[in-house]
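One-letter residues, chain by chain:
There are 4 protein chains.
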Amino acid sequence: MKFYDDEISSRLLIGTALYPSPAIMLEAIKASKAEIVTVSLRRESGTEQAGQNFWSFIKDSGAKVLPNTAGCKSVKEAVTTAHMAREIFETPWVKLEVIGEDDSLQPDVFGLVEAARILSEDGFQVFPYTTEDLVVAEKLISAGCEILMPWGAPIGSGRGLNNIYGLRSLRAHFPNIPLIVDAGIGLPSHAAAAMELGYDAVLLNTAVAKAGDPVLMAKAFALAIESGLQCYQADPIEKRDMAAPSTPVAGLPFWNQDHA
Amino acid sequence: MKFYDDEISSRLLIGTALYPSPAIMLEAIKASKAEIVTVSLRRESGTEQAGQNFWSFIKDSGAKVLPNTAGCKSVKEAVTTAHMAREIFETPWVKLEVIGEDDSLQPDVFGLVEAARILSEDGFQVFPYTTEDLVVAEKLISAGCEILMPWGAPIGSGRGLNNIYGLRSLRAHFPNIPLIVDAGIGLPSHAAAAMELGYDAVLLNTAVAKAGDPVLMAKAFALAIESGLQCYQADPIEKRDMAAPSTPVAGLPFWNQDHA
Amino acid sequence: MKFYDDEISSRLLIGTALYPSPAIMLEAIKASKAEIVTVSLRRESGTEQAGQNFWSFIKDSGAKVLPNTAGCKSVKEAVTTAHMAREIFETPWVKLEVIGEDDSLQPDVFGLVEAARILSEDGFQVFPYTTEDLVVAEKLISAGCEILMPWGAPIGSGRGLNNIYGLRSLRAHFPNIPLIVDAGIGLPSHAAAAMELGYDAVLLNTAVAKAGDPVLMAKAFALAIESGLQCYQADPIEKRDMAAPSTPVAGLPFWNQDHA
Amino acid sequence: MKFYDDEISSRLLIGTALYPSPAIMLEAIKASKAEIVTVSLRRESGTEQAGQNFWSFIKDSGAKVLPNTAGCKSVKEAVTTAHMAREIFETPWVKLEVIGEDDSLQPDVFGLVEAARILSEDGFQVFPYTTEDLVVAEKLISAGCEILMPWGAPIGSGRGLNNIYGLRSLRAHFPNIPLIVDAGIGLPSHAAAAMELGYDAVLLNTAVAKAGDPVLMAKAFALAIESGLQCYQADPIEKRDMAAPSTPVAGLPFWNQDHA
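Residue numbers (this note's numbering), protein chains in the order written: chain A, 171 to 430; chain B, 171 to 430; chain C, 171 to 430; chain D, 171 to 430.
Some hints could be false.
Remember, identical chains collapse to one label, so a pair may be satisfied in a single copy or spanning two.
[Said to hold, decoys possible] Only pairs whose alpha carbons sit at most 20 Å apart, straight line, appear in this in silico SDA-like list of lysine to any residue:
1. K172 / N346
2. K409 / E308
3. K203 / R341
4. K409 / D383
5. K409 / D273
6. K229 / E291
7. K243 / S290
8. K200 / E271
9. K409 / D272
Worth flagging that the hints you see were computed from the coordinates, not collected in a lab.
Generate coordinates for the entire structure from the input sequences, incorporating the hints supplied.
What follows is the structure in C-alpha cells.
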C-alpha cells in the first residue's frame with residue numbers, strides 16, 4: 171500500500187521511546203519487521219537515548235523515519251517542531267501530534283486541523299494523530315492529509331480499541347484513505363482486531379518497549395498484524411446466535427458407507 | 171508441550187469438516203501448520219467427503235489424527251464411537267463430545283464425565299470438549315483426563331470467547347493442565363486472545379473451512395496463535411486508566427542537547 | 171407471577187447477611203420492597219447477627235423466608251441443612267446451594283442435581299443456585315425444580331452478568347420456567363439488564379449490604395428491577411448500526427407551515 | 171440541580187418526535203415525569219405533528235421547553251434557528267445541534283463551538299449536543315456553555331454507551347459541570363449506567379417514542395434514571411475478581427449458638 175508517494179509493505183509502525191536500552195530497541199525494531207519508525211524530536215535530557223548514540227541506532231535499523239511532534243501542545247510548537255524535523259531527518263513526513271489534554275494525551279482536534287493545513291500547504295506529508303471523529307477526519311482530509319491515524323485508546327494505556335463502533339464507522343466512511351490505528355494498543359489481539367476491521371496498519375510503542383521481553387513482543391505484534399490483514403482478505407465467517415454443527419451428523423458413520 | 175505422551179509443537183488443532191473440497195481442506199491443513207487434525211466418524215452421507223477419498227486426504231496431510239465423537243448424544247453412543255475410532259485410527263486419543271442440547275451443541279457435562287471415566291479406564295487418552303465450569307473440570311481430571319478443552323462459544327457460532335472471566339478462572343485454577351479452547355472461535359483475534367490468557371492451544375474448524383478463502387484464513391490463524399503464545403511469554407504491559415506518554419518531554423529537543 | 175404455589179409480586183429477592191447492623195438490614199429490606207428474604211442457617215458466631223435478635227428482626231420485616239444452604243459443600247450437608255431449615259422456618263422452600271469451589275463459590279452442578287432430586291422427592295420446593303448451563307437446567311427440572319436461579323457472576327463479586335449470551339440462551343430455552351438471576355450483581359444497571367433479558371426476578375445481597383448507604387441502594391435496586399420488567403413488557407427498540415434522526419427534517423420549520 | 175438559572179429535579183429530559191400520536195406523546199411525557207421536553211423547530215410537513223395541534227399538546231404537558239436545532243448542518247442555520255426558537259418559545263435555552271455527518275448524525279464539533287460562542291454572547295443558555303471529546307468540552311465551556319450534552323451513541327441507534335471509558339473520563343475532568351447523556355440510549359439499563367457513572371441527567375426520545383408501548387417505556391426510563399442516581403449517591407461496591415461469601419460460614423449454625 172501507499173503512504174503518500176511511498177510503497178509500504180509492513181503494516182506495523184513502531185516507536186522508539188521507552189526501551190530498556192538502545193540495543194534492545196534496535197533488536198525489537200528488527201524483530202517487528204517495521205519499515206517505519208517514529209522518532210520524537212523532544213527527548214528526555216541526560217539519558218542515553220538522547221543524542222548521537224540514539225540517532226545512529228535508528229540509522230542502523232534501516233527503517234524509514236517518521237518524525238513526530240510528541241509533546242507539542244500548540245499549533246506553533248507543532249509546526250516549528252515539524253520544520254526542525256524535516257531539516258534533520260530530510261523527509262516530508264511528519265506524524266502530527268497536537269496534544270490537548272495532559273491526562274488522556276488526546277489530540278486537540280482544533281489545533282490538529284490547523285497545523286495539518288499549515289504543514290500540508292508547506293509541502294509536508296502529514297500523518298495526523300486524531301480521534302475516531304468522522305467530521306474531524308473530513309477536515310483533516312480537506313486540509314491536505316492523505317492518511318489518518320485515529321487512536322485506539324490513550325497513549326500508553328494499553329486499553330486496546332476503546333470505541334470499536336467508532337473505528338468501524340470511520341473505516342466505512344473512508345474506504346480509500348489509509349487508516350492507521352495509533353496509540354492505546356496493549357496486546358497483539360488488539361492489533362489483530364484493528365486489522366480485522368479493515369484498518370491498513372497499526373502504530374505502537376509502549377506495548378513493545380515496556381513488555382518484559384520487548385524483542386519477543388515485537389515479533390508477536392508482527393505476527394498479529396499480518397494475521398489480521400490476512401483474515402480481512404480471507405473473508406471471515408459471520409457471528410451466529412446459535413450453534414452450527416461443524417460435523418453434520420445425518421446418516422451413518424462414513425466407514426459404513428464405504429463398505430455399504 | 172505434551173498432550174499425554176506426545177510432544178506437540180504447533181498450538182493450532184484443526185477440524186476436517188465443512189471445506190469446499192478435500193483439496194482445499196488439505197491445503198488449509200498444510201497452511202495452518204497444525205500437527206493434529208480432528209476427524210469425525212459420523213459423516214454426512216452421499217458427499218465427496220465421506221469415504222476413502224476423504225481418508226486418504228487426511229493421511230496425505232501428514233497430521234496426527236484426533237478422532238472425535240461429534241454428534242454423539244449419549245454416553246453409550248460416545249463410548250461406542252470412541253472404540254470404533256481407536257480401531258480405525260489406531261490411536262488412544264479421542265476428542266470426547268457428548269452433546270447435551272441441539273441448539274447450542276453444548277456438552278452434557280454429566281454424560282461427559284461418565285464417558286470420560288469409562289474411556290480413561292479403558293486406556294483411552296481423552297480430550298474432553300467441556301464448558302468453563304471449574305467443578306466439571308475437577309471431575310474430568312479425577313476421571314482420568316490430563317487435558318481439558320473448554321468451549322469459547324457454541325460450535326460454529328464464531329462468537330469468540332463468550333465468558334472471558336470464566337476462561338481466565340479456569341486457567342488460574344489449573345496451571346499445570348494443558349487447556350485448549352475448542353469451539354466458537356470466529357476470528358484470529360479471538361484465538362490470539364485465548365493464547366494471551368495463557369491457554370495452551372486452540373482447536374477450530376468452521377472459522378477456517380467456511381471462510382471465503384480457507385487456505386489464507388488457516389495461515390491467519392496460525393500466525394495469530396503463535397502471536398498470542400509469544401505475547402504470553404513476553405509479559406505484556408498492564409492496562410492503565412490514564413495515558414502515559416511514550417515520549418517523555420522534559421528538557422530540550424535532543425539535537426540541542428548534543429550540541430550544548 | 172408464581173414461585174411454586176405462591177403468588178409473588180415483587181421481583182427483587184434480598185439476602186440478610188453482611189449488613190452493618192440488624193436495624194439497617196431491616197430498613198434496607200423494607201426499602202427494597204422485597205417480599206422474600208433469604209436466610210442462612212450457617213452464620214458467623216459471636217456477632218450480633220447470630221441469634222434471636224437477628225431472627226426477630228427478620229420476622230419484623232414481614233417478608234417470606236427463603237432459607238438457604240449457603241456454605242454447604244456436599245449433598246449430605248445441604249440436605250441436612252435443608253431439613254433443619256424446614257423445621258425452623260416452617261416452609262417447604264429452600265434455596266439450594268451446593269458449593270463446588272472455594273474461590274468462585276460456584277455451584278457443584280453434580281451435587282446440586284442430586285440434592286435437588288432428594289429434596290424435591292421429599293416435598294421441598296427447591297430454588298437451585300446454578301450456572302447458566304442449559305443441560306444442568308434440564309436435569310434440575312427433571313429433578314423436580316420448578317424454578318431456576320442461575321448466577322450472574324461469582325457471589326459477592328459485583329461483576330454483573332458475566333455471560334449475557336448464556337443467560338439469554340437459558341431464557342430462550344425455558345420460556346415457561348421462572349428464572350431468577352442470583353449472585354454477582356453489583357449495580358442497579360446489572361439488575362435492570364437481567365430483567366430486560368426477560369428474567370423474572372433478581373436475588374442479591376452484597377451489593378446492597380456492603381454499599382455505603384444500604385437503604386438507599388435497596389431503593390435503587392427496587393426501581394431498577396421494576397424498570398427492567400416494564401422495559402421488557404413495553405417492547406424496546408432494536409439496536410441499529412447507523413443513526414436515525416429523531417427529528418425528520420424534510421420541509422420547512424413548522425411555524426412557517428402553520429401560516430403558509 | 172441547576173441548569174443555568176433553573177432548579178431542576180427530574181433527571182430525565184425527553185424528546186417530542188416520532189410518537190404514534192400526539193395523545194400518546196402527551197401521555198408518555200407525563201409518565202416520564204420529565205420537567206423538560208425538547209422541541210424541534212424543523213418538522214416534517216404534512217403531518218399531524220406539525221402545527222398548532224402539536225404545539226398545544228406540548229403546552230398541555232406543563233413541561234419546560236428546550237428548543238433544539240435538530241437538522242441544522244451549519245453555524246448559520248443553527249444560529250438562525252436558535253433565534254427563531256427564542257422568539258417563539260420565549261426562552262433563552264437552546265439545545266444546540268450542528269450536525270456534521272448524515273449517517274451518524276454526529277456533531278460537527280467545529281461548527282458547534284463556533285455557534286455556541288455566537289449564541290452565548292447573544293444571551294442564549296446553550297445546551298450543546300457534543301461528543302465525549304475532552305478538548306471540545308473545554309472549548310464549549312470557554313465559549314460560554316455551562317452544561318454539556320455528550321452522546322452515548324448515534325441518534326436513534328439505541329446502542330447505549332458506545333465509549334464508556336470516554337464518558338467516564340469526561341465526568342472525571344468536569345466534576346462541576348452538569349453533564350447530560352444525549353442520544354443513543356436504547357434501554358433503561360443504559361440510562362441507569364449513565365447515571366451510575368455520575369452523569370447528571372439523560373435525554374432521550376426514540377427509545378420511548380418507538381417502543382411498542384411508549385407510555386410504559388417512559389415509566390421504565392423514569393425509574394431507571396432515578397435508580398442510577400440513587401446508586402451513585404449510595405456508593406456502590408467495587409468489582410472483585412474472586413467470589414466473596416455473602417454468608418461467612420465459620421462457626422455453628424445460629425440456632426445452635428442461641429441455645430449453647
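These are the hints, each one checked on the structure:
In this homomeric assembly, K172 and N346 come within 20 Å of each other (Cα to Cα) only inside a single copy, at 11 Å, whereas the closest approach across copies is 47 Å. Neither within a single protomer nor between protomers do K409 and E308 lie at most 20 Å apart by alpha-carbon distance, with minima of 31 Å and 26 Å respectively. With identical chains, the CA atoms of K203 and R341 are never at most 20 Å apart, being 25 Å at best within one copy and 32 Å at best between copies. In this assembly of identical chains, K409 and D383 lie within 20 Å of each other by CA distance solely across copies; the values are 17 Å between and 35 Å within a copy.
Proximity of K409 and D273 under a CA criterion of 20 Å is satisfied inter-copy only: 15 Å between copies versus 37 Å inside one chain copy. Taking CA atoms no more than 20 Å apart as the test, K229 paired with E291 passes in neither setting, with 29 Å inside one copy and 54 Å between copies. In this homomeric assembly, K243 and S290 come within 20 Å of each other (Cα to Cα) only inside a single copy, at 19 Å, whereas the closest approach across copies is 27 Å. Taking the shortest Cα distances, K200 and E271 never come within 20 Å of each other, neither inside one copy (33 Å) nor across copies (42 Å).
In the homo-oligomer, the alpha carbons of K409 and D272 lie at most 20 Å apart only across protomers (18 Å), although the nearest pairing inside one protomer, at 39 Å, exceeds that limit.
Taken one by one, the earlier hints fail for this structure at numbers 2, 3, 6, 8, listed in ascending order.
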